[in-house]
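Enquirer: Here are the chains, one letter per residue:
Protein chains: 2
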Amino acid sequence: MNGVQEVAGSNPVAPICPFAVNKNIRKEAVVVVDKSCINVGILGWGTVGTGVSKILINQNTLISKNSGIQLCVKKVVKRTLPASREGIELPADCLTSDPAEVVDNPEIDIVVELIGGISEAHSLITRAIQNGKHVVTANKALLAEHGGELFQLAKKHQVSLNFEASTAGGIPIIKTLQESFTANQIQSIYGIVNGTCNYMLTEMNERGVDFADVLTDAQEKGFAEADPTLDVEGIDAAQKLTLLIALAYGVNLSVDQFHVEGITDISQQEIQYAHELGYVIKLLAIAKLTDDNRVEARVHPTLLPERSLLANVGGAFNAVCVIGSAVGPTLFYGQGAGEMPTASAVVADIIDAAKSIQWGVSSPISQAWLSNSETEITVCSIDDIETRYYLRFVVIDRPGVLASIGNILGNHNISIASVIQKEPHGTDTVSLMMLTHKAREKNMKAALKQIYTLEVVKGDAKLIRIEEEVAF
Amino acid sequence: MNGVQEVAGSNPVAPICPFAVNKNIRKEAVVVVDKSCINVGILGWGTVGTGVSKILINQNTLISKNSGIQLCVKKVVKRTLPASREGIELPADCLTSDPAEVVDNPEIDIVVELIGGISEAHSLITRAIQNGKHVVTANKALLAEHGGELFQLAKKHQVSLNFEASTAGGIPIIKTLQESFTANQIQSIYGIVNGTCNYMLTEMNERGVDFADVLTDAQEKGFAEADPTLDVEGIDAAQKLTLLIALAYGVNLSVDQFHVEGITDISQQEIQYAHELGYVIKLLAIAKLTDDNRVEARVHPTLLPERSLLANVGGAFNAVCVIGSAVGPTLFYGQGAGEMPTASAVVADIIDAAKSIQWGVSSPISQAWLSNSETEITVCSIDDIETRYYLRFVVIDRPGVLASIGNILGNHNISIASVIQKEPHGTDTVSLMMLTHKAREKNMKAALKQIYTLEVVKGDAKLIRIEEEVAF
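Those protein sequence lines, which keep their order, are chains P and H.
Just so you know, we're using this note's numbering here: the first sequence kicks off at 250 and counts up by one.
Just so you know, we're using this note's numbering here: the second sequence kicks off at 250 and counts up by one.
Calculated from the structure, these hints are not laboratory results.
Everything hinted at is true.
Pairs count within a copy or across copies, as identical chains cannot be separated in the list.
Listed below are the simulated DSSO-like cross-link pairs for lysine-lysine, each with C-alpha atoms no more than 30 Å apart in a straight line:
(1) K698 x K711
(2) K604 x K314
(3) K694 x K711
(4) K405 x K604
(5) K405 x K314
(6) K404 x K604
(7) K327 x K470
(8) K687 x K711
(9) K698 x K671
(10) K711 x K671
(11) K691 x K711
Let the hints inform the model, and build the full structure from the sequences given.
Expert: See below:
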């Protein structure tokens with residue numbers, strides 16, 4: 250910390266708030282830093298890291314013109330050296346394999362963590378914050394697990410910890426929740442936040458291919474990882490949902506505290522039956538404030554009315570609907586992943602941190618993350634939610650089957666809205682589809698348990714929840 | 250300025266940027282103001298003013314929890330007193346008919362201008378800024394005319410001038426362009442930014458009613474003014490486009506510098522023919538950066554592919570597509586008008602200004618507005634744009650007509666993509682619809698001039714431009 254001169258005795262400038270007269274004010278001297286250049290260190294030079302360095306170096310003039318900030322890439326950490334990337338030339342001595350050259354480097358102002366994973370990222374971010382550096386990260390897994398602790402640490406050290414790129418890539422949903430919708434009680438959030446799943450479901454819907462084939466295709470095209478578990482099982486979407494919920498409701502959840510269901514059970518049959526009924530299947534991350542002040546949190550395949558905006562979000566795109574008490578229904582759409590869209594969000598975060606440095610203030614750390622301990626909002630169990638359902642039973646083609654199932658549903662307060670029964674195709678079983686009116690999940694579970702005891706019902710039903718509030 | 254104690258000699262707190270070592274830094278003492286409450290004065294207690302006071306008073310705890318800011322409604326100016334509003338109780342002595350009690354009141358920190366119009370709003374905002382007050386406004390007409398000057402004044406007095414609610418109501422498009430997309434060269438903007446026109450076009454599309462009837466209906470429902478000129482002639486959308494262009498390109502345009510065309514010429518016939526061709530008609534505000542670094546600016550009815558997201562923005566809703574160099578295509582959707590959505594944006598601006606006050610810095614005034622004088626970007630004349638066209642000619646039903654028109658178009662480098670000719674309905678004239686490939690507007694004008702000299706062509710053609718880039 251040596252080298253920073255104290256300002257006592259210097260001429261104070263005209264106060265910026267001249268109307269502060271007669272106010273209950275606390276006055277402190279702070280240092281306004283007007284640096285010729287703000288230095289950025291990047292941990293990780295994979296896809297996003299490359300995109301970030303491209304923007305910072307190739308678009309330096311644009312950024313300076315748009316923001317008044319001069320940014321400089323000082324160090325880039327890549328574990329295995331040497332390396333070069335097309336479309337970008339790093340300054341000499343910039344590339345290193347030692348993260349300490351970033352997180353412990355007194356010349357570096359802002360640390361950008363893009364290595365992913367949890368353990369090393371956690372320790373490097375912690376060290377950077379302790380060294381007084383502002384941090385930008387795209388690491389949703391880390392924040393979903395350690396967000397509360399890291400934000401407390403950032404607050405203690407008066408640095409910002411920005412994470413726009415962690416959820417929905419280039420879409421500024423974090424800033425929107427943190428800043429633009431502050432005057433709103435968030436009533437609900439519906440997010441298509443996993444591009445891999447959305448790409449796969451779109452392909453299944455438009456090309457009629459089945460899950461396994463589209464997964465292979467997505468892997469070949471780079472839309473899915475070699476091990477697709479995190480994506481297709483809904484875990485990635487769930488991690489992002491924890492961040493959105495922390496911002497919207499001040500509740501710090503972990504993904505094992507709510508219902509998470511991926512798309513591995515979605516077959517071409519469900520896609521087609523949904524289409525016949527006027528619906529499209531999307532993997533949604535859903536959060537809702539209930540009337541009794543609890544938060545519903547869930548990730549699952551969802552039937553959306555075909556004509557709704559969210560149902561028409563295709564390919565690897567993301568979209569997040571937020572319904573606020575004042576603003577009403579909103580939707581934000583864009584690319585949720587990829588080199589440049591994610592880098593766009595990371596650089597916006599870097600610029601916000603740089604403004605904090607130039608102004609001598611710490612960025613607005615989400616109040617929500619920090620007010621967690623005081624909050625009285627609790628999670629609503631999946632058993633307590635009320636929603637409409639799509640059900641498909643495979644049943645023996647015999648008189649009275651529909652009546653038996655209908656009776657059991659009725660006894661559990663579940664009312665059927667519509668039924669379709671398909672002709673049998675050379676077997677003695679048929680598919681029986683039902684859309685229900687709104688019902689309570691625990692009633693549905695109990696009813697299904699009883700239905701499964703019927704001899705005429707073969708195997709478990711396909712159950713997909715329906716959301717209509719988002720039909721705009 | 251009296252009453253603010255100088256900070257010289259006081260103990261400086263630990264500098265927030267401990268890494269400022271060895272830097273080229275300028276140090277100044279500033280006053281950090283930690284006020285128990287930040288006072289807001291509201292000019293105008295119409296629809297939006299009422300919404301703003303409702304949020305500030307009824308949602309005070311929520312705002313404080315979400316932002317850490319304590320806001321207080323100090324004065325509300327309503328020209329004709331007394332008045333009361335359902336759902337809101339103002340503090341005693343809060344309501345006044347004298348704007349000076351807001352703009353000259355040393356107790357008031359943030360002035361919210363919601364009276365609309367230009368002359369009085371301009372003089373009150375000027376006075377407020379000169380008195381060192383931060384200003385929030387929703388007045389797009391004022392900013393479209395005096396934005397450059399007012400932002401310069403705000404910069405001089407180190408106060409913020411926030412205007413999120415001026416464009417697209419509750420949608421945070423201003424903040425997105427100013428902050429989230431700073432790392433992007435904005436390639437194009439396509440906005441449905443006038444709710445009245447979108448409501449009318451949606452009704453014409455869905456209910457098959459004609460312009461005059463839907464206008465009466467919109468007026469009865471409060472979606473259109475008694476004098477709808479500003480809306481239906483595209484002027485309101487054009488004013489909003491000037492703000493978006495100022496932010497995206499640093500060019501300060503006035504609405505008479507570009508092509509502005511409303512929806513008054515859109516008949517039920519065009520709606521239906523467009524539908525047959527797979528398109529929907531929307532009033533779009535369009536800005537594009539051309540390859541030779543000029544800005545295309547135009548407002549006109551536009552054919553959009555039926556399945557695109559923008560084509561499915563219905564009713565009085567707004568949506569803005571922004572295509573950025575890094576982030577790619579994005580879309581922002583929400584309510585563009587109305588008491589609470591607009592108030593949501595105004596209050597977000599108030600909170601941003603309040604943060605500036607608490608931090609002792611002025612809010613980020615758009616660099617774009619201020620860098621105007623240096624910019625080299627000029628406006629591209631409508632004659633120079635290239636786009637696809639929908640044309641409908643009314644022609645005499647006689648052999649050779651299509652060939653004559655086709656020849657003239659061909660001679661002007663305009664290539665026809667598809668043609669539909671309708672059977673005559675008891676008259677000797679028929680409608681001849683054409684979609685062209687991309688063509689230059691000045692060629693189209695010249696071709697049409699020549700086509701109109703053909704004896705077989707009756708009256709002017711209906712011409713609607715087509716946008717396909719936004720087909721996501």
